[in-house]
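Student: In the working numbering, the protein residues as written are 14 to 263.
Calculated from the structure, these hints are not laboratory results. On a predicted model such as this, the values are computed, not experimentally measured, just so you know. Any given hint could turn out to be false.
Cross-link-like lysine to any residue pairs, in silico, SDA-like; alpha carbons within 20 Å at most [unchecked claim]: (1) K182 to N68; (2) K162 to K182; (3) K162 to G187; (4) K182 to R69; (5) K182 to P228; (6) K155 to A103; (7) K182 to Q70.
Derived DEER-like restraints, expressed as beta-carbon distance ranges [said to hold, decoys possible]: (8) S29 to G251: 50 to 60 Å; (9) N68 to P113: 42 to 52 Å; (10) D152 to I49: 20 to 30 Å; (11) A56 to A217: 19 to 29 Å; (12) L159 to A37: 35 to 45 Å; (13) R249 to D118: 54 to 64 Å; (14) L159 to N68: 44 to 54 Å.
Glycine is no exception: its CB is placed at the ideal position from the N, C-alpha and C atoms.
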Amino acid sequence: MRGSVVIAGLGPGDPSLVTPEVTAALAEATDILGYIPYVRRIAPRAGLTLHETDNRQELDRARHALELATAGHRVVVVSSGDPGVFAMAAAVFEAVEAGPAPWRDLDIRVLPGITAMLAASARIGAPMGHDFCAINLSDNLKPWALIEKRLRLAVEADFAIALYNPRSKSRPEGFVRALDLLRQSCEPERLIIFARAVTTPDEAFRVVPLADATPDMADMQTVVLIGSSATRLIARAGSPIVYTPRSVPQ
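Starting from the given sequences, assemble the full structure and let the hints guide the process.
Tutor: What follows is the structure, encoded as structure tokens:
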């Protein structure tokens, strides 16, 4: 029996935001692999084996998925958000490239999901409405000097920016450095959106000017959206609307 690997995005948290395509793949799976909290979003059922692993075991998880598929299993590797954005799709293909030749002939599919960045943007308005980029502040897999360079150039190019993994207990200083860099390059009024636990019951938003942003406003459940110089705020009762116009004055 020939197996398969599906790399699927579970979206930002709300079950209603899981795509029908991903739901169908989960229903057909014999094995589901992923980081512990993501796997626990899947309901157990007969004929399904759930494999939970730590967040820093991506390549081991990828190899395990490929080994199971080679043995005939229908494997789904789950990520939050979209599996191609700072997640498991790249890890699986890295394992394929370095692994045995038969892995290249496996049926491997990537199923997209809604990212925290896009879910947060939609909740608050359209801050990503013009050119934007996403930067992962984790320096587990790349040096901080490269993160700093990319952030500086993104600000220089006047992108709206989404920052993933801004601040953890083990490396709280990264976001402090990022805010310092922003303050060196941006006006104090630059809009910063802190979107925590988007689409879950614990969802919380805070919109502040850069001058009022502090490191403790972010944690690992927060995606930080930084407006471009053109990003605007529409004040109203309740939550404001934040958007970036689609055009740039000539």
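Student: So, for every hint listed, does it hold in this structure?
Tutor: Now for the hints, and whether the structure bears them out:
At roughly 15 Å between alpha-carbon atoms, K182 and N68 fall within 20 Å of each other, so this suggested pair holds. Between K162 and K182, the direct Cα distance comes to roughly 23 Å. Violation of the 20 Å bound is thereby established for this hinted pair. At roughly 13 Å between alpha-carbon atoms, K162 and G187 fall within 20 Å of each other, so this suggested pair holds. At roughly 15 Å between alpha-carbon atoms, K182 and R69 fall within 20 Å of each other, so this suggested pair holds.
The suggested pairing of K182 with P228 holds, with an alpha-carbon distance near 12 Å, which does not exceed 20 Å. A hinted pair counts as satisfied when its Cα atoms are at most 20 Å apart, and K155 with A103 qualifies at roughly 15 Å. Of the supplied pair hints, the one linking K182 and Q70 holds, its CA atoms being roughly 19 Å apart against a limit of 20 Å. The given range of 50 to 60 Å is broken by S29 and G251, whose C-beta atoms sit roughly 22 Å from each other.
At about 26 Å, the beta-carbon gap between N68 and P113 misses the expected band of 42 to 52 Å. Between D152 and I49 the beta carbon distance is about 22 Å. The supplied range of 20 to 30 Å therefore holds. Distance hint check for A56 and A217: the Cβ-Cβ separation is about 27 Å, which falls inside the suggested range of 19 to 29 Å. For the pair L159 and A37, the beta carbons lie near 39 Å from each other, so the given range of 35 to 45 Å is met.
Roughly 56 Å separates the CB atoms of R249 and D118, a value that falls within the hinted 54 to 64 Å. For L159 and N68, the hinted distance range of 44 to 54 Å is not satisfied, since their beta carbons lie about 21 Å from each other.
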